Amino acid sequence: MKKSSVDSQVGSAMPGQHLIVGTAGHIDHGKTSLVRALTGVNLDQLPEERERGITIALGFTSLDLADGRRAAFVDVPGHEKLIRTMIAGATGLDVVVLVVAANEGVMPQTREHLAILSLLGVSHGFVALTKCDLVDDEMRELAELDVEEVVAGTFLEGAPIVHTELGDEPRGLDEIRRHLTAHVDSAGEHTHENRPFRLPIDRCFIQRGFGTVVTGTARGDSLSDGSPVWVQPMGIASRVRGLHVHSASVDTVRAGQRVAVNLAGVERDDLARGMVVVSSPSLSPASILDVEVNMLKDSAPIASGSHVRLSLGTAEVLAVADAIGRQGLEPDTTQWVQLRTESPIVALPGDRFILRRESPLETLGGGVVLDPWAPRARRKNHREVEAQLRDLSAGDTTVMLLRAGVQGLTDAQAKLRGVTAGIRLADRRLHPTWIKRLTAHLHEALSAYHTDNPLAAGAPRRAMHTGLAAGLSPQAYDALLHLLATGGSIVANGPNVRLADFSVELDDAQQQAREAMLATLKSAGLEGVKFEDLIQNTRGLLQLLIDAGDVERVGDRVVSRGHLDALKADVRAFFSASQRLSPSDFKALTGQSRRTAIPLLEWLDAAGITRRDGDARIAT
1 MKKSSVDSQV GSAMPGQHLI VGTAGHIDHG KTSLVRALTG VNLDQLPEER ERGITIALGF
61 TSLDLADGRR AAFVDVPGHE KLIRTMIAGA TGLDVVVLVV AANEGVMPQT REHLAILSLL
121 GVSHGFVALT KCDLVDDEMR ELAELDVEEV VAGTFLEGAP IVHTELGDEP RGLDEIRRHL
181 TAHVDSAGEH THENRPFRLP IDRCFIQRGF GTVVTGTARG DSLSDGSPVW VQPMGIASRV
241 RGLHVHSASV DTVRAGQRVA VNLAGVERDD LARGMVVVSS PSLSPASILD VEVNMLKDSA
301 PIASGSHVRL SLGTAEVLAV ADAIGRQGLE PDTTQWVQLR TESPIVALPG DRFILRRESP
361 LETLGGGVVL DPWAPRARRK NHREVEAQLR DLSAGDTTVM LLRAGVQGLT DAQAKLRGVT
421 AGIRLADRRL HPTWIKRLTA HLHEALSAYH TDNPLAAGAP RRAMHTGLAA GLSPQAYDAL
481 LHLLATGGSI VANGPNVRLA DFSVELDDAQ QQAREAMLAT LKSAGLEGVK FEDLIQNTRG
541 LLQLLIDAGD VERVGDRVVS RGHLDALKAD VRAFFSASQR LSPSDFKALT GQSRRTAIPL
601 LEWLDAAGIT RRDGDARIAT
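Residues 1 to 620, numbered by this note's numbering, are exactly what the sequence shown covers, in order.
It is worth saying that the hints were derived from the structure and are not from the lab. Among the clues, some could well be false.
Said to hold, decoys possible - Capping the alpha-carbon separation at 30 angstroms, the derived lysine-lysine pairs in BS3-like fashion look like this:
1) K380 x K436
2) K530 x K568
3) K522 x K436
4) K436 x K415
5) K587 x K568
6) K522 x K568
7) K522 x K415
All of these numbers come straight from a predicted model, not from anything done at the bench.
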C-alpha cells in the first residue's frame with residue numbers, strides 16, 4: 001500500500017511499546033486543533049467537516065515521542081448526535097486527553113464523553129485546557145476548578161491539567177508530549193490478550209492498485225501477511241494481502257496498533273463499520289449476551305424487555321434488555337442484564353460496551369461482557385442465572401462449561417471463553433457436574449437393563465448411548481465408558497457393558513436348564529442345533545452361554561466350544577500333511593454334509609485358521 005494513501009488512517013509502527021491516544025470533549029473545544037498543533041495534520045478532511053468546522057468522522061494521525069516511540073491519535077467527534085462515532089473511536093484507547101475550552105468550561109458532551117470513557121475501562125489520561133489565551137486568569141482558574149469537580153471520582157481525578165494556547169506562540173504542547181511519553185509504559189495492558197486476532201473496523205475504503213482496505217485498532221493475537229481471515233458477523237472468508245502500520249508496510253501486526261489491512265477478494269460495498277476482521281473461524285457471532293452493567297447515576301430507568309442501543313467495539317445494534325432478578329435497568333446500580341440483539345455482533349468475554357436509550361439518544365451506562373453466547377434466561381430461572389453471573393464476574397470460567405451441557409466445549413471454544421478446567425472426553429471438555437449426571441444416567445440405564453435381562457452378561461454398549469448420553473458424540477461416549485471403567489464403576493468388554501457389581505445368578509431351575517442345553521449341544525457334535533430352536537424358551541440362557549464362550553453361533557446353528565476347538569486341531573493336523581483342503585476333504589474329515597460344512601468353513605476363515613483359495617482352503 002502506498003505510504004501517502006494510508007498515513008492518516010493508522011498509528012504506531014514502532015517495534016516496542018506503542019500508545020493509542022484519544023482526544024475527547026465537547027464540540028468546538030479545540031480537539032482537532034490541538035492534534036494539528038502537535039502533529040501538523042489537519043484531521044478535518046471531509047469537505048463538510050472543513051466547511052462546518054467540526055469533526056464528523058474519526059480522524060487518525062500519529063506523533064513521534066521524545067524517546068523515539070510513537071503515539072497514534074484518534075480524534076473523535078464531540079457533537080451530541082455523533083456519540084456513536086465517538087464510542088467507536090474510544091474502542092482500544094490507551095490514554096485519553098480530555099479537552100476542555102477555558103472560555104466555556106465543562107459542557108454536556110464533556111460529561112458524557114468522560115462517562116463513556118470510564119465505562120469503557122479507560123484508566124489513563126490527563127486534561128488539556130485549551131483556548132487559555134482567550135480568557136483572563138480568573139476565568140482560567142474557574143475553568144480549572146470546573147474540570148476538577150467533574151473529574152472527581154473518575155480515572156482522571158488528580159490527573160494533570162495542561163494549559164494550552166494555539167496562537168502565534170503555542171503554549172503547553174511540550175508538556176503534553178512529556179505526559180504522553182510518561183504514559184507509554186503504564187498503558188496498553190488491556191490490548192494484549194491470549195485470544196484470536198480481532199480488528200473492529202472503523203473505516204473501509206478502496207485504495208487504487210490494491211483494492212479493499214479496512215482500518216481499526218488491533219486486539220488479541222498477532223496477524224501476519226498472507227494469513228486467512230474472516231469478516232464477521234457476515235462470515236466472509238478472505239486473505240491478508242498487505243498490512244500497514246502508519247507509514248510502513250509490515251509483515252506482522254500486534255494488539256494495540258492502529259492497523260490497515262488489505263483484504264483479498266472482498267468488495268468495499270460488502271463491508272461497514274462495526275464488522276470485525278478475525279483470525280479464527282471458531283469466533284462465531286453472538287446474539288444473546290449476558291453482561292454486567294453499571295448504570296449512570298442520572299440515567300433514565302428502563303423497563304425490562306425494552307429496546308436499547310448496544311455499542312461494542314465499533315458496532316452499534318439494537319437489543320432487548322432483560323434485567324436479571326429485577327424489574328428493569330435502574331439508575332446508579334450495578335446489575336446483571338441479558339441482551340438479545342436484533343442482529344449478530346462479535347464479542348468476547350471481558351469486552352467493554354456502552355448502552356444508550358433507543359430514543360431520545362442518551363447514555364444509560366455500560367459495562368463488561370460476561371458470556372456472549374449465553375442461553376436464553378427465563379424468568380423462572382433468574383435466581384440460578386444470577387448465581388452463575390456472579391461466579392463469572394468473579395472470574396470462575398467453569399460456568400461456561402456448566403452452560404455448555406453434555407456437549408461440552410472444544411479446545412478452540414474453551415480458549416475463546418478463557419476456560420482451562422473441565423474433564424476431557426475425547427475432543428471435548430465437560431463440567432464435572434455433567435460428568436456426574438451422565439454417570440448417574442448410565443448407571444440407572446444399566447441397572448434397568450440388568451433388571452429386565454437378568455441372564456444377560458451385559459448390555460450392548462451402543463444401546464446405552466441414549467437419553468442424556470445421546471448428546472455425546474460417539475467418541476466422547478466411548479471416552480465416558482473408558483473413564484467409568486477406569487474408575488471401577490462399570491466393566492466394558494468389547495461390545496457389552498455392565499455395572500461392576502453385577503453378575504448373573506441362576507436359580508436351581510435355570511442351572512438345570514443350562515446344563516441340559518450344554519448336554520444337547522455336546523451330543524449334537526459339529527452339526528449343532530438350530531439357533532431358532534434353542535431360543536424358544538431359553539434365549540437368556542443361550543446368550544449367557546455365548547457370552548461365557550461355552551458355545552458359539554455358526555451360521556444359523558449353535559455349536560459347542562469343545563467341538564469347535566477339536567475342529568481347529570483336526571484342520572491344523574490336516575495341513576501338516578496337505579497344502580489344500582477341498583470341500584470333499586472337509587466332508588471326509590468332519591463327516592458333515594454340505595449344508596453344515598459351508599458355515600463351518602466360513603467360520604474357520606473368520607477365525608483365521610483357513611483362507612479361501614478358489615474352491616479349496618489353504619492354511620493362513
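- [ ] Could you check the structure against the hints above and give me the numbers of any it violates, in ascending order?
- [x] 3, 7
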